[in-house]
Amino acid sequence: MILLLAGCASGGATKDEPSSASTPVALGAKHASRAPAALTKLPAPPDAKVAIVGATLLLGNGKRIEAGTLVFGAGRILEVGPTKDVQVPTDAERIDGTGKFVTPGLIDTHSHMGVYAAPYVDAAADGNEMTDPLTPWAFSEDGVWTQDPAFHRAAAGGVTTAQILPGSGNLIGGKAVTLKLRPSLEARAMRFPGAPFGLKMACGENPKRYHGEKGRTPMSRMGNLALQKKAFLEAEAFAHARKVASAERDAWLKAPEGKEPSGPDRDLGLETLAGVLAGQILVHIHCYRADEMLLMMGLAEELGFSVRSFHHAVEAYKIADVLAAREVSASMWADWWGFKMEAYDGIEENIPMVAKAGGRAIVHSDSSIGVQRLNQEAAKALHAGRRAGLDLGEDEALRWITENPAWALGVHEQTGTLEAGKMADLVLWDQTPFSIYASAERTYVDGTLVYDRAHPGPGSDFEVGTALEGVSP
Amino acid sequence: MNRFIRALALPACLVVGAPTALAAPLTAIVGGHVHPVSSPPIPNGLVIVEGEQIRYVGPAKPLPPGATIIDASGKVVTPGLIDAITQLGAIEIELEASTVDSELETQAPVRAALYLGEVLDLRSTLIGVARRQGVTGALSVPTGGLVAGRSAFIELAEPTSGVDERSFVTGPIAVHANLGSSGAKSVGGSRAAALGRLTELLDDTRQFAKNRAAFERNNLRRLSVHRLELEAMVPVTERKLPLFVSVSRAADILAVLALAERERIEVVVVGGEEAWLVAPQLAKAKVSVILHPLDNLPAKFEGRLARQDAAARLAGAGVTVLISTFSSHNAGGLRFVLGNAVRAGLNHEAALAAATLAPARVLGLSRTLGALQGGLRADLVVWTGDPFEPQSHAERVMIRGVFQPTENRQTRLRARHQARLGLGGETTR
Chain A
1 MILLLAGCAS
11 GGATKDEPSS
21 ASTPVALGAK
31 HASRAPAALT
41 KLPAPPDAKV
51 AIVGATLLLG
61 NGKRIEAGTL
71 VFGAGRILEV
81 GPTKDVQVPT
91 DAERIDGTGK
101 FVTPGLIDTH
111 SHMGVYAAPY
121 VDAAADGNEM
131 TDPLTPWAFS
141 EDGVWTQDPA
151 FHRAAAGGVT
161 TAQILPGSGN
171 LIGGKAVTLK
181 LRPSLEARAM
191 RFPGAPFGLK
201 MACGENPKRY
211 HGEKGRTPMS
221 RMGNLALQKK
231 AFLEAEAFAH
241 ARKVASAERD
251 AWLKAPEGKE
261 PSGPDRDLGL
271 ETLAGVLAGQ
281 ILVHIHCYRA
291 DEMLLMMGLA
301 EELGFSVRSF
311 HHAVEAYKIA
321 DVLAAREVSA
331 SMWADWWGFK
341 MEAYDGIEEN
351 IPMVAKAGGR
361 AIVHSDSSIG
371 VQRLNQEAAK
381 ALHAGRRAGL
391 DLGEDEALRW
401 ITENPAWALG
411 VHEQTGTLEA
421 GKMADLVLWD
431 QTPFSIYASA
441 ERTYVDGTLV
451 YDRAHPGPGS
461 DFEVGTALEG
471 VSP
Chain B
1 MNRFIRALAL
11 PACLVVGAPT
21 ALAAPLTAIV
31 GGHVHPVSSP
41 PIPNGLVIVE
51 GEQIRYVGPA
61 KPLPPGATII
71 DASGKVVTPG
81 LIDAITQLGA
91 IEIELEASTV
101 DSELETQAPV
111 RAALYLGEVL
121 DLRSTLIGVA
131 RRQGVTGALS
141 VPTGGLVAGR
151 SAFIELAEPT
161 SGVDERSFVT
171 GPIAVHANLG
181 SSGAKSVGGS
191 RAAALGRLTE
201 LLDDTRQFAK
211 NRAAFERNNL
221 RRLSVHRLEL
231 EAMVPVTERK
241 LPLFVSVSRA
251 ADILAVLALA
261 ERERIEVVVV
271 GGEEAWLVAP
281 QLAKAKVSVI
291 LHPLDNLPAK
301 FEGRLARQDA
311 AARLAGAGVT
321 VLISTFSSHN
331 AGGLRFVLGN
341 AVRAGLNHEA
351 ALAAATLAPA
361 RVLGLSRTLG
371 ALQGGLRADL
381 VVWTGDPFEP
391 QSHAERVMIR
401 GVFQPTENRQ
411 TRLRARHQAR
421 LGLGGETTR
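Protein chains in written order, with our numbering: chain A, 1 to 473; chain B, 1 to 429.
One chain only, chain A, in its complex shape (with noise of 0.2 angstroms):
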């Protein structure tokens, strides 16, 4: 329990630790214990050099290098160019990438990885705290069953990112884990370093058939957002309570006069919340409507937060300019439609549409199979986009499961782009990406060989002893 409500908490968030709603305020200190690091140490990433050379080096943002080599060691890319301006340094080993590409790691801002695990069995289901619509004191990371099979499936789809969220049954599901996907027994040791945490909202049809046909709040579209507003409000309170309480307590120091002041109990749901309005926390929103995502910014401006992402976003072109104006990223499928009412006006074209407006597109999965060739969604998209004549390239597709998605999670000045003194998280695929008969080779997450399709290894626990033990996904 101590290590629950401590996973909440970051008071003493050492550097790696994402920031979190508490970290400014040391009040309730005595009812918190600091956040552990993880109790286990992912192996630092090799210091041998590894340079991959005469490739077609797509950076992630909008530019390529014909033939290039890049060069990593230590968990850092260290040098990306053509060839001939390339020194490779003698003692890296060299790989050729003649015919070849390679792209920065993939990036899903939307994943149930470990919280909807395969089997999805009803054990395995620890994604959606559906006891109550508003859940902000949930937080992924505690769901995550790190041998989930999919994880290391995602990794040979090229994925080295990935979101963890909370499931869309609530309208504030929880707090959202980014993690990379290199294999550990825990969770917490998979966290993206320095990653803020996301907050994941639903609107529309989940929330309200669930909980309404349980008899309860929200029932329509009305409850959604009062509901969504009221926990709001509170957080707003309570912020302000923790700040007086601060300054009080900050002046008691220097003229410590009777009692202690005491700031407001600990709440985990609303320093999330708290930790929302700070900008800490990053919101990403399910919404598949136009008219709900406005009226979900329209609530974000009234209530002082922005949205990073709209998740499932099938009516963003109907929005796109509005999207593109206000700097919020639409997280959306290829080609997804229709399975539900709010699904109906989803088109082929959607995230080009979102694209060619300006607006930050972005191609996610929320899908355990979907998730093992983002590649391919980008390729869907990109030619049902020039077929309608939205004049985009590959290099321009390749941000939306790049660098757009690592904008979204925080994690843009760490990943998402080939470029030297980023972190080496970046793929090796056998020909271009964007033909769908592309395999990932070789997969690297802070220059550690997460999969390699000529040994790929033993996967996660659950195959172990079984007959796909050793095969390649």
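Incorrect hints may appear among the rest.
[Stated by the list, open to error] Only pairs whose alpha carbons sit at most 30 angstroms apart, straight line, appear in this in silico DSSO-like list of lysine-lysine: (1) K214(A) - K185(B); (2) K340(A) - K286(B); (3) K210(B) - K340(A); (4) K84(A) - K63(A).
[Said to hold, decoys possible] To give a feel for the contact side, a few chain A residues facing chain B, derived at Cβ under 7 angstroms: (5) A118; (6) Y120; (7) R266; (8) D321; (9) V322; (10) F339; (11) K340; (12) M341; (13) A379; (14) H383; (15) R387; (16) Y437; (17) A467; (18) P473.
It is worth saying that the hints were derived from the structure and are not from the lab. For every residue, glycine included, the Cβ atom is placed at its ideal position computed from N, Cα and C.
Use these hints to put chain B onto chain A, whose structure you have.
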């Protein structure tokens, strides 16, 4: 009937000579890389369509007078794709029960009488979406229970005035059963019970078929289900309709093979995540498998040995493989699913067959469609390139000799908002 659509296609076409009065319209698709599927590919091939039927497929030759010429040089011509497991026409919005006809909410495990063929909505918005991606036919399949009901094949043509649109639907094609955990759940929770109930049903069906008069006099032992269910099952026991069995685990697949042998019925394995483990037995029994090649996760406990190269492994062992999206809204993704099967080792031509000729044969329609050859129905697609690659698209989709509209509700929505936002404007096609 088809003049309107032909007129749309005219600017890109040439008409040779004068059309013969009263003759069925002739269309010649020239210069394409033609994949008949039932025979080897033909570079620079010619396809001649007369009315609803293919008249000629082969190397270039002099064109008949009056033919509308479609230049397919640099392009690829294939039969229209067939998705063998969908609910097209039976579902508009999955989560809106009032738009779903493919599954009963009843507790009864046997629903063989449920036949979708007469209620399929040929104006469903899903049809145009799938068709735009080169899917010209689909099996619309009931779900749920131990025996879900009977499927119908639907040609994804646009209903136009003067056309007998009910002729787009053929069926019943098969009876659909669920063994494995979902079927087990409908009869109390054990696979053994599911197998037992299915065996009993087949036995009761034979009793019923043999003793109709006694049944009508109420002079027959008590049977496990009502008359309509029994009627629906009779063609299965007479081997006139196959029993499609959704099943995942290798052990359950072997149980299905044993059932088929014992009961002398024709079966097809649907799903079959672990079918690759029993490929030789499937090949020996000549039982086909309908797969979703993207399934490479142990999504279900009973399919925990699913692997991506299952299609290639099964085909390599001599099993007839069909590839499906198992989707309705995304049935148009069939070509990409096929591409993924190729990526995982399946031969390109075999992948194409897995969504054309193989389903046509397994659904009992190969005398009508499923390949490009003279005498078959002209359901075909002209692709701008490799059909499986995202950079290609279905430039022309012909069903029963008629080029279909390339627009659908989605393209209209897109155009409307594209214009409103001033994005792109011009369409390349």
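Against which earlier hints does the structure fall short, listed by number upward?
-> As far as the earlier hints go, 2, 3, 7, 9 are violated by this structure, in ascending order.
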